[in-house]
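In case you want the letters, here they are:
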Amino acid sequence: MPNSLLWAVDIFGRVYTLATAGQYWELCKDAHLEFKRVSAVKQCCWGIACDNQVYVYVCSSDVPIRHREETYENQRWNPVGGFCEKLMPSDRWQWSDVSGLKHQQLDSLVLPSPHWEWESDWYVDENFGGEPTEKGGWTYAMDFPATYTRDKKWNSCVRRRKWIRYRRYKSRDTWAKIPSHDDPKQLPDPFNDLSIGGWEITDEPVGRLSVWAVSLQGKIWYREDVCHPNPEGSSWSLIETPGEVVQISCGPYDLLWATLWEGQAMVREGIDRNNPKGSSWSIVEPPVPENGIMHVSVGVNVVWAVTKDRKVWFRRGVNSHNPCGTSWIEMVGEMMMVNVGLNDQVWGIGCDDRTVYFRQGVTPSELSGKTWKAIIANRENDRSHTGSSSSLLSAGCFFGDEVRGSGDSLAPSDTETSSETERPGLVSEYEISLGNSRPRPESSREEEVALAGDGVGQAQGFAPAPRPDSAPAELPWTNIDLKETQKTSSPSAACYAETTSLSSLGLFPVGLEEGYGADDHPLWAWVSGGGCTVDTHTVLKWFTVQSGLSTSMQTLSLSITPAQTAAWRKQIFQQLTERTKRELENFRHYEQAVEQSVWVKTGTLQWWADWKPHKWIDVRVALEQFTGNDGTRDSILFIYYMFHEEKKYIHIFLNEVTVLVPVLNEAKHSFALYTPEKTKQRWPIRLAAATEQEMYDWLALLSTSCSESRRIQGRPSPQAIWSVTCKGDIFVSEPSVDLEAPMHPMPCDQMFWRQIGGHLRVVECNSHGVVWGIGYDHTAWVYTGGYGGGFFQGLASSTSNIYMQSDVKCVYIYENQRWNPVTGYTSRGLPTDRYMWSDVTGLQECTKANTKPPSLHWTWVSDWYIDFNISGGTDREGWQYASDFPSSYHGYKTMKDFVRRRRWARKCKLVTSGPWLEVAPISLWDVSIIPGCEEGSKDSIALWAISDKGDVLCRLGVSELNPAGSSWLHVGTDQPFISVSVGAFYQVWAVARDGSAFYRGSVSPKQPAGDCWYHIPSPPKQKLKQVSVGQTSVYALDENGNLWFRQGITPSYPQGSSWDHVSNNVRKVSVGPLDQVWVIANKVQGSHSLSCGTVCHRTGVQPREPKGQGWDYGIGGGWDHLSVRANTTKAPKSVPQEPEEDNFSRTTDLEEGDGGGESNFFNKTMLVMNAVPEVNGSAVTC
Amino acid sequence: MTDDKDVLRDVWFGRIPTCFTLYQDEITEREAEPYYLLLPRVSYLPLVTDKVKKHFQKVMRQEDISEIWFEYEGTPLKWHYPIGLLFDLLASNTALPWNITVHFKSFPEKDLLHCPSKDTVEAHFMSCMKEADALKHKSQVINEMQKKDHKQLWMGLQNDKFDQFWAINRKLMEYPAEDNGFRYIPFRIYQATTERPFIQKLFRPVAADGQLHTLGDLLKEVCPSVITPEDGVKKNQIMIHGIEPMLETPLQWLSEHLSYPDNFLHISIIPQPTD
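Keeping their order, the protein sequence lines are chains A and B.
In terms of UniProt numbering, the first sequence opens at residue 1 and continues consecutively.
In terms of UniProt numbering, the second sequence opens at residue 1 and continues consecutively.
With the rest of the complex left out, here is chain A:
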């Protein structure tokens, strides 16, 4: 589980966060302000400070928030001066936006607020649609506006070029003031409440955030244009309301509730993707008329409320279609306020004790949860007295203000509480910090000593979480501090001067400070869980007071935990080895006391019969294991079946099995078993069990037996080849020495693959054992060095280094409609049409009701929603139009369009376990690790990645001991990227979203991010989608499945000269450190059936012939990704090559094609196959 934060404000206005993996409240990094309200989401927190200004706190991240400003320089040709700045009067401005309609000079573009900075100066964009332009970046046309080309023609009369400049948001991890409105009339009164949410209404890349605020006069304001690249938004818009509003709450999706002075709640209707502000209000009456609703908080499917008598209410029946719900249910407990966070989890602040409570047992099926549980986590070492002394001024104002402003409705009692119980503490502190002369109470003196002296270590021991602000220089007890804080809070003090004045505070005796130490439990005023991810699997340490070492340190450390390197463990391992040697070495000829016998496991399974018609038939199976005296084993699997009333059996030696693949679908709990022979046939042995548990028992037993018979156990070696199937299962293979032999390499259908727990979409490795993966939800994972997990339990799984892993993916169905002249588009198609609710092909009926998650392991985590992110674009309602089914679709209606469709998506989630730890918080699209570097080198391992937003990132601090690295370095690009690969000698290649390639110059251990991009055009008329760099070879893959080799790469000219076509029908490519080339082929023909997604090995790759000659086909049917980049296992020296021969064969290999003879091997350049109807043999279909 990634770490996430619960935000809270104590009654002094200090903002604290509590991490889900932590156990201490930590003071907000920027603690110079006090707050009334905060509302948090994962990436930021908005708040109303005690100066009544709105602030946004954007959490720091390794990826900058940048925005591209661009403007165009336009020129016209005239016979005298050639192209020049003089334009015709009818022309556009010399500097304009892309349309030419807006005058836009370079210096007219200014930073929108003080929180931005320019990244660099203006420069000319020399990339034109993936093609490099000539120097200067000019593109030419006949006239404005027109189609521009990069070539100057005889009739090119005008030209223009694009200037680019990036600005970057700099105020991160600090409270950035949202600039007040320009027009003072528009904001006559300060804000009273604020709530943010709504980010799930739109997907990335829009990433919009709804920010709602309520003013003291009861008006509602909406902040326009708040999104990831614009965290501050642009302006406040007034939203009409039927009454005076007190408080507002916005859920992650489209729920928005507010409370009115009169005690009713008000529900916003009509919020959707196109209208995040919604359209109208509905009124919901309070549960009891005499006690109006005081506070409300909403999630995705829940609404919680607090009435004026502090009772807590849960609203039944709330969802997107019925945002008002049906009825109120009274809950146990009395709360000041409640807050609904992610996953509809709920927090509240207790009425009597001001403790933050967490609602336990909230699950999708039981949204109201079970009980309130107090969070009794301590605050981190209370060193924050500077903060509290400044809070004295404004916190007092805050509460005073609230009494005046909000009358009796909001929180009258907390004013009393604060003045009675807490003020004495404040006062004494104030005096201490001001006077510095009066005798201090014993406790505070001790604390000061601890902080000032050598007690830094002591303080660290108490809360080991990194605290950047722990510099001992910031001693709290100084006059300077007070002056500074006074300055910042003086405006508010001036505004509300008459409340609980400073002089009156001074009257309290100093001695009362006692009880305000770190162990006193804090009193809270506000809590926000909008950025806090808690689900049923999360283990929280908030409910007990922890002592000793923080365990969060232990859980996050990687493979080399202290326990594993501990001397005691080494000693035990070593002594056991010595003992075995001492007691056994000279006595091996002795007889064993217990004779080893055959052990048999039998059972009943179903088998997908070999003969036609293919169907599942009941079989009896028996696994016979022979154990040798040294504990090693060999096994045979027998399958007994009836054929025409005749008893028959087949048997499989488990040491010949190459892979066991679980095949989960709704219908059967089955798995497929491959041998080299079965791989050639593309027809595995498929077995199904009655229950899932039974299937996993068999699968685990067979997998373990296969590994044992091949003497493979423990973690994969650093050289291992990793792969992922399209179901997300992870397989790993130990390369044999002759796998990459120049002559007679081991056929790759003989490779043995074993499964590793977890669920990934992409896995990449290098020869130092650094392995990274990316899930379907783009979460980045790092391999921990364990093995097993998932269904592997007990001995087949390592005890340590196995963690929970979850993944989320979407299931898509299509709504299809046909146009008819009377009613327009309806869901009534022609009799020949596809189903009106179908899969993408239209052949399968898929309705919202009957579509199930892909297997039992997946559970729905969202409702069906319209997916707008589909290629071709959509209209505002998500429809795509075409002339007929099936066709290519576009996002707008034309006269010729008679059909339309739209895609619905529903998210489902899987929870499993495996040797993977999350690398939070940035989600990734692609990752690549340098295959290897010199042994013993102290340089960190180069690792490059592409974020899910297309940012290029370079990971710092990656090493064998710390495979997760430390932080990301952002590498600027002019457009989003989609693929990256770092090869030997720090050659970094990447592919941009426009399909062209880029080479990164000057990357070295000293300059890990390099200096600049060299643009490399894609092969003609092709858009590249993936690149892989080995030792010297660079291969790229285009969107049409063509594999290209980069010619002409030399050390002095690493960009190479041209792309050479190698093969078609390729889905993924992985080039290794020996320049070995492996791909996933789209379709491969076996002797029995066709196989989609097949691992193929390029044969005949030689130093002088890096393109190789043909393909050798390995495991397949459902393979989706592969990384051979760890395999540096060279074959022993063999016969020298004959260069003449090589040159000869190179000339022939292109022509040879797939026409070659009988043999499946070594003669195929192309992977193209003729489709044969029988595709169902493959275990996993893509």
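Derived from the structure by calculation, the hints contain no laboratory data.
Mixed in with the good hints there might be a few duds.
As the list claims (entries may be wrong) - With a Cα cut of at most 16 Å, we get these calculated EDC-like pairs of lysine to aspartate or glutamate:
1. K161(B) x D634(A)
2. K53(B) x D189(A)
3. K51(B) x E591(A)
4. K570(A) x E221(B)
5. K570(A) x E248(B)
Model the placement of chain B on the given structure of chain A, informed by the hints.
Positioned in the frame of chain A, the structure of chain B alone reads:
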């Protein structure tokens, strides 16, 4: 060896080369050849000495055979102790093979229990397992198991089937994630030099402050005399499965990995050999 799983395997497949000799006073028809055997450390003598019995019975008259028992250097060997424990306690630091004397007469009634059949061993073994689980999990795990699981544990031990045994035994080694270990560690400490059979007390794997207890902590608590003082000369060896784990080793880890099949940590304390 890099993985904790390998420890289990090494422990299970530990063998002691043994030479069985018939006691000189036994009456034989012809001379009895010594019999050499690799004894599994984790097993019990009655389970692994069928061959020995058969070998010596061949040279003896039927009427001279009564219940078999074993003795090493004058000490009768208790069949209800695991073999590895007997060896560590009595014969470690001696030359291999281990010389065991076989008796068919004069059963030492005051030293040994009778063992009429393997069922007796099974009953003893299972009662140890239950006692261990009572300490570890208030008997919850063992009671939730089915009869066939119990049988599998016993058959696994009897037939020397590591996987068969551990497929079930792993459940006995689990503990709730929120705890840091078992309730109590099942252990027995044997001292070669005392008459007392063994020490067994309630001892938790985790201290009140959350720190893991180590082997040293245990010894300090239950028999402080055996620990070598910081400046002193090492007087004792603390041995499990023929090895001497460091005193810093966490007790919970030891219990999970170095317990005998009966789920007890059998710790031998023997005098440090002088040379």
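For each hint, the structure was consulted:
For the suggested pair K161(B) and D634(A), the alpha carbons sit about 14 Å apart, so the restraint of at most 16 Å is met. For the given pair, K53(B) sits about 100 Å from D189(A) by alpha-carbon distance, which is inconsistent with the 16 Å threshold. Between K51(B) and E591(A), the direct Cα distance comes to roughly 10 Å. Compliance with the 16 Å bound is thereby established for this hinted pair. The suggested pairing of K570(A) with E221(B) is violated, with an alpha-carbon distance near 25 Å, which exceeds 16 Å.
The hinted pair formed by K570(A) and E248(B) meets the criterion: a straight-line CA distance of about 12 Å does not exceed 16 Å.
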